[in-house]
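From first to last, the protein sequence lines stand for chains A and B.
The numbering of the first sequence is our numbering, which starts it at 1 and goes up by one.
The numbering of the second sequence is our numbering, which starts it at 1001 and goes up by one.
Careful: at least some of the hints might be erroneous.
With a cut-off of at most 30 Å between alpha-carbon atoms, the simulated DSSO-like pairs for lysine-lysine come out as follows [unchecked claim]:
1) B:Lys1400 / A:Lys251
2) B:Lys1020 / A:Lys152
3) A:Lys64 / A:Lys7
4) B:Lys1068 / A:Lys20
5) A:Lys152 / B:Lys1422
6) B:Lys1242 / A:Lys375
7) B:Lys1251 / B:Lys1230
Treat the hints as calculated values from the structure; they're not laboratory data.
Because the structure is a prediction, the values reported are computed rather than measured.
Number of protein chains: 2
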Amino acid sequence: MKLQTAKGVQDVPPEEKIVKNKVVSALQETFESYGFAPLETPLLERYETLASKFAAGEASDALKETFKLTDQGKRNLGLRFDLTVPLARFVAMNPTMKMPFKRYELGPVFRDGPIRAGRVRQFWQCDVDTIGSKSMLAEAEILALVQKAFRKLNLDVVVKVNNRKLLNGILNQVRIKNKEEAIIAIDKLDKIGMEGVAEELIEKGFEEEKINRLFELIRPGVSLEGLKQKINNEEGLEGLRKLKELFGYLKSMDVDVVEFDVSLARGLAYYTGTVFEAFLKNGKIKSSLAGGGRWDDMVGNFMGGGRGVPAVGIAFGIVPIMETLKDKEKLVERTPAKAYVVPIKTVPDSLKIVQQLRENGINVDFDLNGRGVSKNLQYANSLGIPYVIIIGETELKVNKVLLRDMRSGDQELLTLSQVVKKLKLVN
Amino acid sequence: MKLQTAKGVQDVPPEEKIVKNKVVSALQETFESYGFAPLETPLLERYETLASKFAAGEASDALKETFKLTDQGKRNLGLRFDLTVPLARFVAMNPTMKMPFKRYELGPVFRDGPIRAGRVRQFWQCDVDTIGSKSMLAEAEILALVQKAFRKLNLDVVVKVNNRKLLNGILNQVRIKNKEEAIIAIDKLDKIGMEGVAEELIEKGFEEEKINRLFELIRPGVSLEGLKQKINNEEGLEGLRKLKELFGYLKSMDVDVVEFDVSLARGLAYYTGTVFEAFLKNGKIKSSLAGGGRWDDMVGNFMGGGRGVPAVGIAFGIVPIMETLKDKEKLVERTPAKAYVVPIKTVPDSLKIVQQLRENGINVDFDLNGRGVSKNLQYANSLGIPYVIIIGETELKVNKVLLRDMRSGDQELLTLSQVVKKLKLVN
Chain A
1 MKLQTAKGVQ DVPPEEKIVK NKVVSALQET FESYGFAPLE TPLLERYETL
51 ASKFAAGEAS DALKETFKLT DQGKRNLGLR FDLTVPLARF VAMNPTMKMP
101 FKRYELGPVF RDGPIRAGRV RQFWQCDVDT IGSKSMLAEA EILALVQKAF
151 RKLNLDVVVK VNNRKLLNGI LNQVRIKNKE EAIIAIDKLD KIGMEGVAEE
201 LIEKGFEEEK INRLFELIRP GVSLEGLKQK INNEEGLEGL RKLKELFGYL
251 KSMDVDVVEF DVSLARGLAY YTGTVFEAFL KNGKIKSSLA GGGRWDDMVG
301 NFMGGGRGVP AVGIAFGIVP IMETLKDKEK LVERTPAKAY VVPIKTVPDS
351 LKIVQQLREN GINVDFDLNG RGVSKNLQYA NSLGIPYVII IGETELKVNK
401 VLLRDMRSGD QELLTLSQVV KKLKLVN
Chain B
1001 MKLQTAKGVQ DVPPEEKIVK NKVVSALQET FESYGFAPLE TPLLERYETL
1051 ASKFAAGEAS DALKETFKLT DQGKRNLGLR FDLTVPLARF VAMNPTMKMP
1101 FKRYELGPVF RDGPIRAGRV RQFWQCDVDT IGSKSMLAEA EILALVQKAF
1151 RKLNLDVVVK VNNRKLLNGI LNQVRIKNKE EAIIAIDKLD KIGMEGVAEE
1201 LIEKGFEEEK INRLFELIRP GVSLEGLKQK INNEEGLEGL RKLKELFGYL
1251 KSMDVDVVEF DVSLARGLAY YTGTVFEAFL KNGKIKSSLA GGGRWDDMVG
1301 NFMGGGRGVP AVGIAFGIVP IMETLKDKEK LVERTPAKAY VVPIKTVPDS
1351 LKIVQQLREN GINVDFDLNG RGVSKNLQYA NSLGIPYVII IGETELKVNK
1401 VLLRDMRSGD QELLTLSQVV KKLKLVN
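All chains, please: the whole structure from these sequences, using the hints.
Take a look at the structure:
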């Protein structure tokens, strides 16, 4: 039997999982500081929930790529393809829950699709959503949280924001009927420029006169004030008002990474108002690191009875964030240990010292196999452990240990409290 | 369409997930302080890996209860039923990895079995294993880690320890041939006493004379020293020596929750030497909270070529630990927020204050829906938020806010730094 993982899924070895855990902790801390509560939904859902027209819908790619299975009772199940459908189901199943409901969830989702760079069959999503508030304060809070999260991760981002109502208003104003096709093209403005978008629209059969009028409104860098003079319909103006309100809140909250971008559309998804997307500034990675918006319809549709349930949220891409960080940092740590203790015929005393270090909050590893010093140094080096502590009879006699800095090779004879002090500073 | 979860799986709502996250953090911190590195293996495995005779084996319950599925390429896959098989596969696929390899993994596993109290179809396991050390130091380290983990969780446990070689030696000495049957009965000594075990053995056709001789050796509370006089075969004596060595290390490491128990067997699993199991002292929950032992064969069998790869590890039961904690603590927190800010016509200034509190490390929630004070108090109360901060014009004029203690109902007019100081103390 040849041992291998299932196709399209991957082990996350320690050197990557250590970084992933740091990313996850930074995100969790940020979400919790904004009062978002953790939720865990199951990885298995009833197939009919996933296939509901309010979720993926029978015709969607997500449903085509859903892993299907059955349980012992022949019930049809599927592995979840996102975290939004389980959230909508959870809220719909708990109709007496107090609103607003602010939750985050982190975990794996599955897509049985073709495999290419950056596309795997099991990957983590990380969603933050506020259910039950129509106010732009909900958007403001989420965008402030995005700024804080990326600062914690030391990533310099810009968050582009737009409003679907404004886009709809603009398309109505220039009398474009096939809005979906137009939105797909406009969404590419940043990548292919005005000429590229115009070409695509002409190819798709849009009239040149309409395209020209469209570009009078949709120009890279156009401001909210600049647009206000030109919009003459209520839907577009409402979109503008909402954006203006949002930027007011963002100013109070000291959020300065957000920029208006009239061409941002976020594809054809279920967004009903604000949309936003975070990109790395000056980075190799061009794909978005987080994206989301307002989706006021799905939960209510799930619940039925015509009840409207407003919602706004963002999904952080753990995969592109990890790629960005891998690009910046070398993955050298293969263990959380900051020190590795090598006893030279001093096992019982060394064990005591190891325990004291651990009680002082230092992550410590210990030679389990009774190897010689040089083998132990090689081992510690291969795991990327920054310090080795050598404990022989000579050291014990003077109540000290030998601390070796693995980068410089320098060795110092130190007391235990000196060692603790020094290792506490190691990140 | 009736909305429901898949059968046998559950949503973990915020009030439970908050506690679960605390449990997970306490365990992770402990594992890392002992130098164990995180690993994440996929939830999907090739079915042939799971079905391998070295893993579940074709005839096993675990395999019968494996959720099976196929991918687009018609490959047979399964959802993992434990974390040990993926670990063995990972190690076998990475033969150049430096040993010892110390890893922990936390995450969901699946069993498509009958549902009853405490048995669900998706549940979290949490495993800590050292691969590549024969030394009893590896056991000692894991048992020290168990003590530290449960202390962090404020749970008072006893860890029973035994050695399969000692048990084998005893059974050989009294000439019991059907060891598997005997071990299943002996494992119940704690629950049904010597008489109960004797009855079960007689029912199963064991000779009374052998049973009597067995009970000369296997008595509740018998010590290592007490047994040493009575064991006359090499396998049993080796088991005793290993246990004695282990207790020596545990003493150096200040571990005092571990007790020798000659009747502990840990079922028929793949253990080859030491076995251990942690139980709550004086608690309602009788099932074990963690259990493990030495399993020297599986990884080497996976790798083939007759290569021996020693391994020792423990699995923490997240489900029984959560049950125990739920029994002790009421689940009242439905949000990580420690304070909820209610602006009275002061949204922009209140937003600034909220951001300052968050920058100071306080988890803060904020009224998004512009409700009145009493509605907001009800909301904060239903989420279990301990403090509400009311900010009106009057308060802003004197550079203060009104802090309301939700338990006592007391209100105080405080400066922001006084609020920060007070809320920092809230757990």
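Restraint check for B:Lys1251 with B:Lys1230, where alpha carbons must lie at most 30 Å apart
25 Å, holds
Would the hint linking B:Lys1020 and A:Lys152 be met if the CA-CA limit is 30 Å?
24 Å, holds
Under the criterion that the straight-line Cα-Cα distance not exceed 30 Å, is the pair B:Lys1068, A:Lys20 satisfied?
Holds, at about 29 Å.
Agreement of B:Lys1400 and A:Lys251 with the hint, judged by alpha carbon distance not exceeding 30 Å:
Holds, at roughly 22 Å.
Is the straight-line distance between the alpha-carbon of B:Lys1242 and that of A:Lys375 30 Å or less?
OK: B:Lys1242 and A:Lys375 at ~26 Å, within 30 Å.
What's the verdict on A:Lys152 and B:Lys1422, does the C-alpha distance respect the 30 Å limit or exceed it?
Distance ~25 Å between A:Lys152 and B:Lys1422 Cα, so the pair holds.
Do the alpha carbons of A:Lys64 and A:Lys7 lie within 30 Å of each other, as the hint requires?
18 Å, holds
Hint check: no violations occur; every hint is consistent with the structure.
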